[in-house]
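Residue numbers (our numbering), protein chains in the order written: chain A, 27 to 271; chain B, 12 to 247; chain C, 294 to 548; chain D, 7 to 254; chain E, 7 to 254.
Don't read these hints as lab results, they were simulated from the structure.
Please read all numbers here as calculations on a predicted model, not as lab measurements.
We treat Cβ as the ideally placed atom computed from N, Cα and C, and that holds for glycine.
The hints are all genuine.
Pairs of lysine to aspartate or glutamate residues, derived as EDC-like cross-links and limited to a Cα-Cα distance of at most 20 angstroms, are as follows:
#1 LYS389/C with GLU94/A
#2 LYS147/B with ASP60/E
#3 LYS19/D with GLU137/E
#4 LYS40/A with ASP383/C
#5 LYS24/B with GLU163/A
#6 LYS389/C with GLU46/A
#7 LYS24/D with ASP60/D
#8 LYS19/E with GLU520/C
#9 LYS431/C with GLU57/D
#10 LYS91/B with GLU213/A
#11 LYS309/C with GLU46/A
Which residues of chain C face chain D? A few of them, derived with a C-beta cut under 8 angstroms, are:
#12 GLN433
#13 GLN442
#14 THR519
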Amino acid sequence: ATESAADSGATEIKVGTGNEALPYAYLDENGKYDGYDVAVVKAIDEKLTDYTFTFEGADFPTTLSNLESNKVQMAAFEYEVNADRQEKFVYGDAGYVVWDTYIVSDPDAGTVYQSFADLAGKKVYATTATNQAAMAETYLKENPGAFELVYGEYNNEQIVQAVTSGAVDATLAPKYQVDNWNRSFNENLAVGSEPVHNSDAYLLFNKETDPALIAAVNTALEELKADGTIKELSEKYLDGDYVPE
Amino acid sequence: MSFKFEVMFQSLKVASQYVGTTLFMAITALVIGVILGLGIALVRLYRIKGLSQFFQAVVTLLKGIPMVLIILALYLIASKQFDVWAKSMHWSLRFKDFNMVWIAVAALSLMATINSSEIFRGAFAAVKPGQFDAAKSIGLTNLQTIRRMLLPQAIPISLPMFSNLLIGLVKASSLASMVSVVDVFAAAKITAQQNYRFLEAYVAVAVIYWGISLVIEKIVQILEERMSRKLRRAIL
Amino acid sequence: MSSFFSWDLVWEFFPKILSALPVTLLIVGIATFVGLMLGNFIAFMRVEKIPIVSQIAAVFVSFIRGTPILVQLYIVYYGVPSLLQAIQIDVSSWNKIIFIYITYGLNTAAFQSETIRAAILSVPITQKEASIACGLTKSQMYLRVILPQVVRVALPAFGTTTVALLQDTSLAFTIGIVDVVGKARAIGAVTFHTLEGYVGAAVLFITLSIILERVFDLLEKRMNFTEAKKTSFQLPSLSLIKKVQKIGIQKIETN
Amino acid sequence: MMEVRNIQKRFGKQEVLKGINMEVAKGEVVTLLGPSGSGKTTFLRCLNFLERADEGSIVLGETETIVNKANAKEILAHQRQTAMVFQNFALFQNKTARENIVMPLLLTKNKTKQEAYELADVLLEQVGLSERQDFYPSQLSGGQQQRIGIARALALNPKVILFDEPTSALDPELVGQTLTLLRDIAETGATMVLVTHEMKFAYEVSDKIIFMENGQVVEQGTPKEVFEQTKEERTKAFLTRFTNQMAR
Amino acid sequence: MMEVRNIQKRFGKQEVLKGINMEVAKGEVVTLLGPSGSGKTTFLRCLNFLERADEGSIVLGETETIVNKANAKEILAHQRQTAMVFQNFALFQNKTARENIVMPLLLTKNKTKQEAYELADVLLEQVGLSERQDFYPSQLSGGQQQRIGIARALALNPKVILFDEPTSALDPELVGQTLTLLRDIAETGATMVLVTHEMKFAYEVSDKIIFMENGQVVEQGTPKEVFEQTKEERTKAFLTRFTNQMAR
Ligand SMILES: Nc1ncnc2c1ncn2[C@@H]1O[C@H](COP(=O)(O)OP(=O)(O)OP(=O)(O)O)[C@@H](O)[C@H]1O
Ligand SMILES: Nc1ncnc2c1ncn2[C@@H]1O[C@H](COP(=O)(O)OP(=O)(O)OP(=O)(O)O)[C@@H](O)[C@H]1O
Ligand SMILES: [Mg+2]
Ligand SMILES: [Mg+2]
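Only chain A is shown next, with the shape it has when bound in the complex:
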């Protein structure tokens, strides 16, 4: 449904998403929500005449709390499957993006790392409370002391500076992000040839959300995947086809 649908009696659904998670969900220069996740939800909105979706931005944990307390009925914020969340929420049926994480380093200062095993004895930066930090921790749990994990809440500038200055040897990030860094700061950071981690992200619903809505969204997303719309969006926002099978 389009904006005018609001007048035609369509149910309004609040969708939780992010404020500053480029390229998935962020406020653009005009203060409008934009990004891949937002575009996917908008595409679904187009298909569903009975509903209009409005966005409610917050940070990652707050969006979960918003969903839990029913301040939003649905969330699109790169949520991966995890047992804890499965207990509290309802996941959408289909994943809409794959999350491929690579090891990032500065070839001028050292080497390009392919896997966690290559990082033995190195310093690796990860932002506190992110997927990347979680995956590094998981690896470290199985291989204690394999590398030194440096936590922090760096800005983009800091991460790039930390890697290029050798303050850390590497960091973890998806490819598009590295491209962005290189473009914004004239650097040439490199990634390994294979991702060290991948998973899919799903839409998330409150347990009390109307099953009819959930069903409608699921169908719409399947259709959009099938007709290639999602792939287009992926190419537009993520510079590549990151649509999971």
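The hints should help you fit chains B, C, D and E with the ligands onto chain A, whose structure is shown.
Positioned in the frame of chain A, the structure of chains B, C, D and E with the ligands alone reads:
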């Protein structure tokens, strides 16, 4: 909302190991801030020419610069320049091995200095002019006046404001995570990253911070009672 | 920092940053107002040691000062609506910025109450005694005598906290309200350049800090009470003469 | 008018008032004499509930207030019927001379602004400070502050006015004027309790003299009785200097 | 010993001192009399650089200090040679009675602790406050504070002591004692300038009397000259009450 106490206690256990780091940053900054802030407030009280206006401007300026920017700038400058300086000074220390806590402490000290100087300035205004008369009439030097009369009378007044400041510093020290220092807050968040149970982590942080605050409050209260009892009926 | 920082970007971002200023100012304005009202009330209760209220106030202050504001926002944002729901009040239609106002208002009140309490304690006891001897009530005493004398002591610390609050409203951003710092962060998220946005914000804050200082300087001078008032209430002398006659006490002859 | 029964006051272990009784009739001027530290100021402060006595009661008009049981409301009512002039002046530092007089009138007597300002102007004139009306206390000389304090108390027109050394900062001329002023006030029916070290002043203005020492009343009576037919040795010793002076 | 030349002081537009000259010889007691607000306190404050006069100079011993040119060091040196007893006592609120006397001795006179405490004890004894030595000013009566102020000034043994109404808060007995005390001090060669409203005291203790009004010296001379052969009308009027009293 569902709330898992086990998760919270787990966070609490991990995060409380970092109380030392948090306190170290807050208290070091407070000590530095109080010393420098006192200096600035005295310069302004005695209207030392030039310096007084200079500090007034500096304080106004620094007040307006966000802490985040200060930390960011310190980090970026240090990471770019430190190795160059270190080499030219023939130090063996490199930025890589540099303890980031000091960047946080530097930024927090700045905050503490600005706050302290203004707190002292207010407290000085509360000391009655008659007391300065008394000091002058017996020929105390300025330093003696400050030590024997001004500070003993101003400090009891300013204590509640300093407890505000110290508690504020404890909380602000969580900004240290911007430069890779793991403090109470960061530690709690790390425990939450596997299961995304942030609420429990935040509550754990709140419990620890509140505990620290209660101790600060208690100490300040005892000091306050002790120091200000004799001044309560002060006249003129 | 060449590639990290360029003045061109500062200028480019500045108008956008500026556009978020009203949000910040509104939050700070409301928080300061609530903070002063409630803060004064709390300070008064605690100085006067009013039973029960003063204990509650002490716990409130301790809690607010002692816990991260984020946690307080969670309590206000999630806890209060569900509590109100239990008594059949629906606040789901409220604009979410109201929760931000409440959170910052309470937070400011707790911190200011301590500053004000400190300042009240610095007023010589004779001032209180004079009020009592004139038969003023407690509230009259506070409003007319104590508070005007408190201003000079509390003002500097109050000024720092207020300017600091300008930078602190960014909590609003976590629930999607874009204030100045939030805007800087949002720009940073899109362009990968955070530094320039923050520099723009700093320019704004410094300007406000200077303005605030000018205002406070004036206030401080007015509250100095060592220079004779220039203007004063004047009455027609005719009524004065009448009154003299009415009162009937003879004027004392000098010499 | 006012009756004070068995007022006792302790600071820590030290007994400062050991049971003072006093009766003051309407329009009477009672003067407390006694050496430094004998408890005169403390006694006055107890009468006004600035200090809460540990024991005793105060009857003012028809109402008896038992000091250690009185609640805030009773105390306020009591305080509104009394006024005090302080040894250390205790003017409102944030108010000009004139405002010091006007403010209590507006707040406690429900006067209109006009009435309050008029009355203040009359009183300022009386104490000779019309010119200084817009000065803050910190800009006034000791004697000037003292006079504003007196004017403020008079403006309130209370049942009882308590004076603590009202002439200590005044020059002889003003002492004379104040004497006249107090007499005028007394004649309008106001009742006064005052502490002074000016014997001549006490002698001339009082209806009754109470000599205190060490928190106890040693001797009391009319000025004539106390000054000229002194009974107690202690009082005699204290008064020596004054009687010497009178004898000159 | 001390010579004061053409001291002028303005507060805003108001001229408070209009050029005062004064000479004080070693061991002399000079008393300033004058109505309230005539500038006596301001003058004393200028002598001690508590207030900086706009014009004039002060010669103390061999050194002349030009008031509007003096630097911090000269002022401090000057202040260390003078001491002052204040009308409002101005004791250090954060020090006990005894510490108020001891502290200046330790800090400005380089006394040993032992010496300072011994001297303080002697002086406390002299002013009759040995028992109250560990009380804070806020716990002392007006007269008690006044006496600590006097003791503090005496302890410093300065070239000149300035007294601002040293007896205003004292009872007649203490006035007598203080008189004796000041006389003793004067005999040890100390020089004093005092402001008082106690005419008898002034008459008895002074070597020279200066009568001020409106920031100007109206008349000066020995007590006999000023009190008994008064030249100026204004002075006569002012002294009326005292001479009346003497005549009784
Ligand atoms: N807050 C206090 N704590 C302890 N002792 C006190 C306190 N206030 C007064 N005193 C003591 O009580 C005694 C009586 O004091 P008060 O002020 O009543 O004396 P006074 O008769 O007015 O003397 P003066 O003529 O010197 O003013 C004094 O010895 C004083 O030291
Ligand atoms: N800071 C000030 N600002 C303006 N005027 C002042 C200030 N201080 C004093 N004055 C004025 O200067 C005049 C002289 O004051 P001063 O205190 O010297 O009088 P004094 O002779 O000591 O009187 P008293 O006998 O009442 O103590 C007074 O009229 C007073 O109002
Ligand atoms: Mg007294
Ligand atoms: Mg004077």
